Each structure stands twice: as C-alpha cells, then as structure tokens.
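Produce the complete structure using the sequences and hints provided.
Those protein sequence lines, which keep their order, are chains A and B. So the first sequence is residues 83 to 421, counted in our numbering. So the second sequence is residues 83 to 421, counted in our numbering.
Misleading hints may appear alongside valid ones.
All copies of an identical chain are treated as equivalent in the list; a pair is satisfied when it fits inside any one copy or across any two copies.
Said to hold, decoys possible - Listed below are the simulated SDA-like cross-link pairs for lysine to any residue, each with C-alpha atoms no more than 25 Å apart in a straight line:
| # | residue 1 | residue 2 |
| --- | --- | --- |
| 1 | 301 | 181 |
| 2 | 301 | 408 |
| 3 | 211 | 162 |
| 4 | 188 | 301 |
Simulated from the structure, these hints should not be mistaken for lab results. Quick caveat, the model's predicted, so the values are computed rather than measured.
There are 2 protein chains.
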Amino acid sequence: MSRPFAARLGANENIFGPSPKAIAAMEQAASDIWMYADPESHELRTALADFHGVTPQNIVVGEGIDGLLGYLVRLLIEQGDTVVTSDGAYPTFNYHVAGFGGVLHKVPYRDDAEDLPALLAKAAEVDAKLVYFANPDNPMGSWFTGEDIVAHLDMIPEGCVLLLDEAYIELAPEGAAAPVDINDPRVIRMRTFSKGYGMAGARIGYALGETGFIRAFEKIRNHFGLNRAAQAGALAALQDAGWLASTQANVAEARDTITGIAEKHGLKALPSATNFVAIDCGRDGAFAKAVLDGLVARGVFVRMPFVAPQNRCIRLSCGPADALALFDAALKDVLAELG
Amino acid sequence: MSRPFAARLGANENIFGPSPKAIAAMEQAASDIWMYADPESHELRTALADFHGVTPQNIVVGEGIDGLLGYLVRLLIEQGDTVVTSDGAYPTFNYHVAGFGGVLHKVPYRDDAEDLPALLAKAAEVDAKLVYFANPDNPMGSWFTGEDIVAHLDMIPEGCVLLLDEAYIELAPEGAAAPVDINDPRVIRMRTFSKGYGMAGARIGYALGETGFIRAFEKIRNHFGLNRAAQAGALAALQDAGWLASTQANVAEARDTITGIAEKHGLKALPSATNFVAIDCGRDGAFAKAVLDGLVARGVFVRMPFVAPQNRCIRLSCGPADALALFDAALKDVLAELG
Numbered sequence: 083m084s085r086p087f088a089a090r091l092g093a094n095e096n097i098f099g100p101s102p103k104a105i106a107a108m109e110q111a112a113s114d115i116w117m118y119a120d121p122e123s124h125e126l127r128t129a130l131a132d133f134h135g136v137t138p139q140n141i142v143v144g145e146g147i148d149g150l151l152g153y154l155v156r157l158l159i160e161q162g163d164t165v166v167t168s169d170g171a172y173p174t175f176n177y178h179v180a181g182f183g184g185v186l187h188k189v190p191y192r193d194d195a196e197d198l199p200a201l202l203a204k205a206a207e208v209d210a211k212l213v214y215f216a217n218p219d220n221p222m223g224s225w226f227t228g229e230d231i232v233a234h235l236d237m238i239p240e241g242c243v244l245l246l247d248e249a250y251i252e253l254a255p256e257g258a259a260a261p262v263d264i265n266d267p268r269v270i271r272m273r274t275f276s277k278g279y280g281m282a283g284a285r286i287g288y289a290l291g292e293t294g295f296i297r298a299f300e301k302i303r304n305h306f307g308l309n310r311a312a313q314a315g316a317l318a319a320l321q322d323a324g325w326l327a328s329t330q331a332n333v334a335e336a337r338d339t340i341t342g343i344a345e346k347h348g349l350k351a352l353p354s355a356t357n358f359v360a361i362d363c364g365r366d367g368a369f370a371k372a373v374l375d376g377l378v379a380r381g382v383f384v385r386m387p388f389v390a391p392q393n394r395c396i397r398l399s400c401g402p403a404d405a406l407a408l409f410d411a412a413l414k415d416v417l418a419e420l421g
Numbered sequence: 083m084s085r086p087f088a089a090r091l092g093a094n095e096n097i098f099g100p101s102p103k104a105i106a107a108m109e110q111a112a113s114d115i116w117m118y119a120d121p122e123s124h125e126l127r128t129a130l131a132d133f134h135g136v137t138p139q140n141i142v143v144g145e146g147i148d149g150l151l152g153y154l155v156r157l158l159i160e161q162g163d164t165v166v167t168s169d170g171a172y173p174t175f176n177y178h179v180a181g182f183g184g185v186l187h188k189v190p191y192r193d194d195a196e197d198l199p200a201l202l203a204k205a206a207e208v209d210a211k212l213v214y215f216a217n218p219d220n221p222m223g224s225w226f227t228g229e230d231i232v233a234h235l236d237m238i239p240e241g242c243v244l245l246l247d248e249a250y251i252e253l254a255p256e257g258a259a260a261p262v263d264i265n266d267p268r269v270i271r272m273r274t275f276s277k278g279y280g281m282a283g284a285r286i287g288y289a290l291g292e293t294g295f296i297r298a299f300e301k302i303r304n305h306f307g308l309n310r311a312a313q314a315g316a317l318a319a320l321q322d323a324g325w326l327a328s329t330q331a332n333v334a335e336a337r338d339t340i341t342g343i344a345e346k347h348g349l350k351a352l353p354s355a356t357n358f359v360a361i362d363c364g365r366d367g368a369f370a371k372a373v374l375d376g377l378v379a380r381g382v383f384v385r386m387p388f389v390a391p392q393n394r395c396i397r398l399s400c401g402p403a404d405a406l407a408l409f410d411a412a413l414k415d416v417l418a419e420l421g
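This is how it looks when you write it as structure tokens:
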C-alpha cells in the first residue's frame, strides 16, 4: 500500500497486535539475525505439538498458510487434476491451483457460508484430488461447529484430501475447531500466527496432519524459508495465553461495536467468528462498491467480497474504538451522500 | 543445531553480523508485525534497482536464494528436463531440480573451481534448460572475474538459461561481479542479504534479470512469503555502505588469520573470495573428516566439501579473533592426536 489510511481496516490484519512478549522476543532476536534459523523449527514444532496434543512429526511450519497452500497443491495436484472450492473463498488457494495446472470447480455459498456437504458432493462428482474448506470462512465470517465438520468426513471421496483452513479459529466460539483424528490422512488442517496471534507480517503458518502426509512436505519445502526472529516471536506468542484471551475479548467487543454502528446506519452486520465483520449494505454489489469507495476516499480502508450475492457486503477488520469511530463517521457521510 | 558450539564456524554465516542500522530497523519493525509486509517489496526493490542501475521490474525479492532457486526451477524445468551443475556445488539447487523432476548432469571442478566452459559445453551436449554456476564458489571459495564470465555467455546453448549465483559477491575482489546486460534473457543472477550483509536468519534474497523473465515469477511465487521486519532490515543494510566496507575489511583480515593458522600447522588455506576459507588438510577425505570430527568434538563447528578431491579440505567461516583462536588451539590438538 503506497497511501497511508486513517483507519487500516481492510487488510485483514489483527490491529490489536501480538503479545508484548512476542514483540520482545523478536526485538531480542534481531541482533542474532546473522545466524540461520533452525530449518526444522524444532522448538516451535515441539511447543505446537504440546499445545495440540500431537507429535512434532504431525506438524510442518511454513511461510504463512499461503506458503503451505503452495506446497500442498504441489504435492497433490498435477496438470489437469480437479480441485473443489467455494465461489468467493480464499483466492490465494485458487492462485496456487492455477499455478500447478489444476482445474478448479467452484460451489456457491449457501446462506453466506461455505457449504461442506455440497463441496464434498462436488468432489465426488468431478473426482477431485483436493477440497478447500475454511472454518471460519473468509470473507463472510460464518462458521460451523467442529463436530458438524467431523460428521461430514465420511463424505470425502476415495483419493481426495480435505484441506481445512482454520486461519481464524482462535477467534471463533468454543467448539468451532474440528476434533479431527490426527492420524486421519484424508484431512490436513492449517493454522497461522497471522490472525488471532496478530503477527501477519511475520509469516509463520503451520499444517497439522498424519505423519506420512506431513513428511511429504520435507521433500519439497524451502527448508530455510522462515525468518529466525519470527520463529522466536511465534513461540513466545503461543506461550502467552493471557494475551490471546485479551485479544479474543477485544475482538468480541469490536464485533459488537461494528454491529451497533451498522444497525445505527440501517445496515446489517453478519454474525462473525473472525476478527472481521461483513456488513450487508442491503442492495447489490454496485451499491456496496460505492459505499466502499466512499469509505476509502475518507481514509477508511475496507474491502468487500467479490462474488454475488456476497458482494452486497463490505468487510472490515475489528480494531480499537478510535478506528471504529472513524469508520462510523465516514459511513454516516457516505450513506448520506449516496442517498 | 541442538548443541551450542564454542565457535560456530561451520554454518556458513557472517559472524560479523548485520549493520546496527539494520538491527535497529528490525527492532523497530517488531511492533508493526501485525501488518502484512508489502507483497511487492516496493521500497526494497526500488532501492536495489538504484543500487544496481536497473529498474524495479528487473528485480524479484524472495525467501532467500533458496526460495528463488525453487521458483526458478519450477519456471524452467519440467519432468525429465536436463540441468547442469558442478559435482559438489550448492546442494539446495540439486534438491529443487530433483523436486521438480529434472535430470541433473554434474561436471567436475577444475583446479578447485567451477568450470564454466565445461558446464556450458555439457549443457549443449545434454540439451540442458538450466545451468548453475556460482561466482564465487561455495564450498571452495574460488572465483572468476566478471569479464571472464561475460566472455563465455555466447557459449550458452539456445533455449538454455545460465543461473549465476552471486551469493558471496560482496566479499569478492573488485571485478568479480559479472557485468551482464540486464536485458539479456539468457542469464539470471541471484544475490542475498545472508552473506556480505550478515542477515542469514532474515531470509531475503533477490534475482536480477530481464523484465519478462522476472515477471514470470509473479505468477508462481508466494506473494506474502517475506517477513516485514526483514524487508525493513534489508533496506537499512543496503543503505549502510560503511558497515559493508567494515565487514569486507574484517573478512579479509580473518581470511589472512585463517591462512596463517593453517600454515602454522603445516596445512594450506586456499585463496577465497568469500567469508569462508577451505583448508587443504593434505591427505584424503577420510583424513579431512577426522580433522573435522576432532574439531567438532572440541566445540569448533566446521564443515567440509562432500565430493573428492575437494573433500580433502575442511571449510570454516571467517569470524572474530577469539573464535579463530579457539580454532587454532583445537586444530593443534587434533593434528597432534591424529599424528
């Protein structure tokens, strides 16, 4: 971004930021940057394994979920292989599928949520090698319970893998994380320090899966792709459960504030299990785009879904009260102008 | 590495470390880590373009040279395509070639140096799509003048690309950098902040090439692979020419010290254009390995080339006087023990 915004609420970041202990760890690591990081991320993987009750061999750490998505698609998809996702879901997944020559089939959202049974039915229909499903969803913020997801796993067709993107899971209600059997090779889960832990600029994501599946990443990944200070920061962030709890509280409060602002101006905020909220602007995509443009012109950076009918919404990140007050004032202006 | 060493001289790092300005920039960026980095690395690419007298469109920044090697091989090599490198040169290049199904042909070193004419002749013979050539070389530290390299470019066969890995170029004598025409699509050069700039743990490398060639990376790379603080640190490092000059002086002095230590113990240090020195232990690979094991047992971490006859050497990084004194004492012990 070349232009600074008064309120940066569109880049899908966690404005409440990382644990001060993570910041301290990264500051301290700065003067050690002459050393390579541990290519096996041993300390971080061990801590993550403890956290999840699995073994370090069930975990691969990568350059954000984006990096891991690239590796996963490379592992599973050859030229012409079919892949299934939702129409309007995470575009970087689609980018990697296209990059490796996969053929993408898109399933519509249902009630502003990714439709897991329809995704898996489509996978069976087109003989897909890979299905993308995010819980919670981006850009709508919708979610399912983990039990509900697990109840659908037997719909995964033979030879197909379900990628469960849990980037926002730390910000979702209790029970949203799917209790997938770590030894089930049909499912791979991805998580990140970018969202709940507030470290988007660090580029640390990880995948959880069956050991043989995880081992396959070792033959293709960039073993020296991770920043040394970022690894130290992620470890410190993971160990500061108190900060994560305060972020969860801050995000919940901001979601309520955003919902209140939307209602005040006659719009409707959708329920969200993430650190952003989709606001239904009540008309079509062109109107939502006009609202978005008006906000951006007033220094409030937000984004919007890009597929109808979800593009009747704008999406903004949770943030502190002052940033949301700027949004409130700008939204009032914009709606008055648009009439 | 799980065990701490008294002298860490084997990991091919620059122990003199980065510019204090780079450390300060990374420390300062730590609290901004909640924001994504610029996926286009606009500021850094612009500064690099000025530095090299090219345009930002001639530069792609990646997760170290390792990351860029992966992208390059992916761009150029399909299953069964042939690739040429030197037997004993950078193994991570070979890893990526194998990962994308390329068939590697290896050319022996000549006089402990990579043999550019032989590499290009082999490329013509096997119809190679890609040739790897490092100047200066790792692990031997040997080098050619840039003019000499450019004089060989017309030997590049039709349809083949020469990858010129200049990871250590900032530590090489004046004139070693090849004055390649930036618009020549037959050559791509790679550089890094890991060596001369002392930021191995940051993971910032870049490639220099013709704009169309560089643009191809945009369709496959992880656009959010780079750490935000690392980008800020690299920019600050690039702008601190004084620190680089002091590193060059420190490295030159350490090379002389290492050469003196080797001579004192009846061994021969090879001339080096890098921040490491290969020491010829005077016998075969088994003897060099015994020397290496003895050093490691005494807390001095060094490595060695893995192909004969270069494996008659051990390789150690330049470092401050106290680390080299530990090496001196340990080497004396080891040689006395081995007899």
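Each hint, compared with the structure:
Taking the shortest Cα distances, residue 301 and residue 181 sit within 25 Å of each other both inside one copy (19 Å) and across copies (7 Å). Proximity of residue 301 and residue 408 under a CA criterion of 25 Å is satisfied in neither setting, with 49 Å inside one chain copy and 37 Å between copies. With identical chains, the CA atoms of residue 211 and residue 162 are at most 25 Å apart both within one copy (11 Å) and between copies (24 Å). Only between protomers do residue 188 and residue 301 lie at most 25 Å apart by alpha-carbon distance; the minimum there is 21 Å, versus 30 Å within a single protomer.
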